[in-house]
Amino acid sequence: MTTPLQVTTARLRIPVSDRDHVRGPVDAPVTIVEYGDFQCRFCGAAYPNLAEVLRQRADVVRLAYRHFPITNVHPYAESAAETAEAAGVRGRFWEMHDWLYEHQDQLDPVHLSLGVEQIGLPPDEVDAEVGRQAHADRVRQDFVGGIRSGVNGTPTLFVNDTRHDGGYDLAELLAVVDAAAGG
Amino acid sequence: MSDPNGLITAGQAAPGFTLPASPDGREVGPGQFRSHPVVLAFYPADWTPVCGDQMALYQAALPELERYGATLLGISVDSVDSHRAFAESRGIRFPLLADFEPKGEVSRRYGAYAPRGQSDRALVVIDPDGRVAWSHLSPPEVNPGVDGILDALEQLGTDRRVDAR
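Protein chains in written order, with my numbering: chain V, 1 to 183; chain P, 184 to 348.
Excised from the complex, chain P in its bound form:
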C-alpha cells in the first residue's frame, strides 16, 4: 500500500537509505552526498516509453543540474540487471537505484509507491542538510520534465546565499 500521507513534502527530513545501483550494484544513497543537493527521480518502470524519454532527457539535462552541485538518482522497483541494460540502451550514466528487495521499501518511505506495485512518477529535491526542499507527483503517463527541479535548485541557491549573509 502507498503511504496514506502521500508524497513527502518540503520541510520534512528526507529518510536515509542506500540501494544497489547500476552499473555495478554498489550501494548508493542520498546520505553520501550531504552538503550537496540530491534529486531523487522515482519512476514506474525501465523500458516503458515515458520513463525512457524522461530518463534520457535527464541525462541530457544533467550538466544543468550539476551547475547547482546537484546529484541525480533515478529509482524504480526494477532490478540492478534491468537498470544496467536500460541505462545502456538510453545512454544514461547517472545511477539508477534498484528498490527491488524488499520491493518498493524506499519508495514507500517517501510516499512514492503506487498500489499497482510500482514507484510513482515523483520528484524529490533534498537540500544539502538532508531536508526535502521540493517534491512533485506526476501522473504516470506525464513526463514532468526538468523545469521544476531547476526552479527548486535555483531557489535553494538563493535561500542559502541569504542565510550566509
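Chain V extracted, bound-state conformation:
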C-alpha cells in the first residue's frame, strides 16, 4: 500500500486585528491578507492587480499586508519591510508600501533613504530606526504567523482566511473576490 498524497488547504491562523495594516472599508465582506516580500518580483507583479481589485471592488474588499521577507534570497527585503514599519508608526505605511513595490530594483540603502524622503518622512530618523532594527520584532512576528498558517512562498494570499492557491492576474483575483463575496 502506498501513502496517499496529503494536500491540505491552509487557513489563516492569525486573525486580522488592529495591529494589521489594512486598506479598504472596515466592514468589507471580503478580506484579503497578503504575505509579501518587497523584493520578490512575483509580489511586484501582483501589486498593481491587487490595487486594481481594491479600486474595482471598493465596497467589497479590503487588503491587509503582512511581511514575509525571504532574506537569504532577497538581501534588501528585511530593511524594506522595517522601513515600511517605520513609515507605519508615522501613519504612512501604505505610501511606503506603494513606493517600495513601484521601485523594486531600487531597494539598496541609498535609494531607500531617497524613497523615505520622497514620501515626506525624515530619512535620517527612519534610517536610524531601521539601523538599530527597531521594527525587526514586528516583521518577525508577521513572518512566524505566516509560516504557522502555511505560507510557503510569496506572495501568499488568504481570501477570507482560506489560502488562495491560484494565480495573481486581475481576472482571477476578481473572480475569487466575487466568489467570496457571494458565498
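Hints listed in this document are in silico derivations from the structure and should not be mistaken for laboratory results. The C-beta atom is built at its ideal place from N, Cα and C for all residues, glycine as well. Among the hints, erroneous ones may be present.
[Stated by the list, open to error] Each pair of labels, with its calculated beta carbon distance range:
#1 E324(P) <-> R41(V): 14 to 22 Å
#2 F42(V) <-> A193(P): 30 to 38 Å
#3 E271(P) <-> F42(V): 18 to 26 Å
#4 E172(V) <-> P198(P): 42 to 50 Å
#5 K286(P) <-> D98(V): 43 to 51 Å
#6 P48(V) <-> V325(P): 24 to 32 Å
#7 P198(P) <-> A171(V): 47 to 55 Å
#8 D334(P) <-> I119(V): 37 to 45 Å
#9 P285(P) <-> A175(V): 31 to 39 Å
#10 A175(V) <-> E324(P): 18 to 26 Å
#11 E288(P) <-> L114(V): 48 to 56 Å
#12 R41(V) <-> E284(P): 46 to 54 Å
#13 R217(P) <-> D59(V): 53 to 61 Å
[As the list claims (entries may be wrong)] To list a few chain V residues with every Cβ distance to chain P over 12 Å, as calculated:
#14 D37
#15 D59
#16 L107
#17 Q118
[Stated by the list, open to error] Sample of chain P residues with no beta-carbon within 12 Å of chain V, all distances over it, derived:
#18 D207
#19 R209
#20 E288
#21 R299
#22 P311
Using the hints, position chain P against chain V.
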C-alpha cells in the same frame, strides 16, 4: 522502485544512515543528533523552482525550528557538488545531503523514492529517541511549507513534558 509500503509513518524506528553533505562533503546523518529532534526534508531536485523556493523558505524559517532544538537536513539524489552550488545560490546554510551513490538508497529506506528516479517531496520528523514522530508526502509540484513541521515539533515538546512528570 519505491518502497511498496509507502512513506515511513509515525511510530516506526527511523533508519540510521550517514550521507555526504554540502558544503564540505562531511558524512552527516540523524544519529549524530540523538537527544534532539531531526527534520528530514526529502526533495526531488536542486535547481527546480519548487525545490528552490522550499529550501529557501526553510532557511528563512530555520530559527523557528531551532527554537525546538531541531536540526534540519535536506536530502535529494543530487551530488555534493550540485548541492554546494545550489545552496550558495539560495543562501542555504543547513546541510543538504547527497543520496547520490548508491542512488536514492536512503530515500528508498524511508519510502521516499519515486519511480522517476528522484526523491519524493516528503517530510519526516524524527524524535530525540530516533523514532518517526510525523511524516508527510507532498505532490512534487506542491511546496508543503513549514506549518506541519512546526506542529509536529510543538507536539513533541508537549508529549515530552507530559512524560517528564
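Q. So which of the earlier hints does this model not fit?
A. When the structure is compared with the hints, numbers 9, 12 and 14 turn out to be violated.
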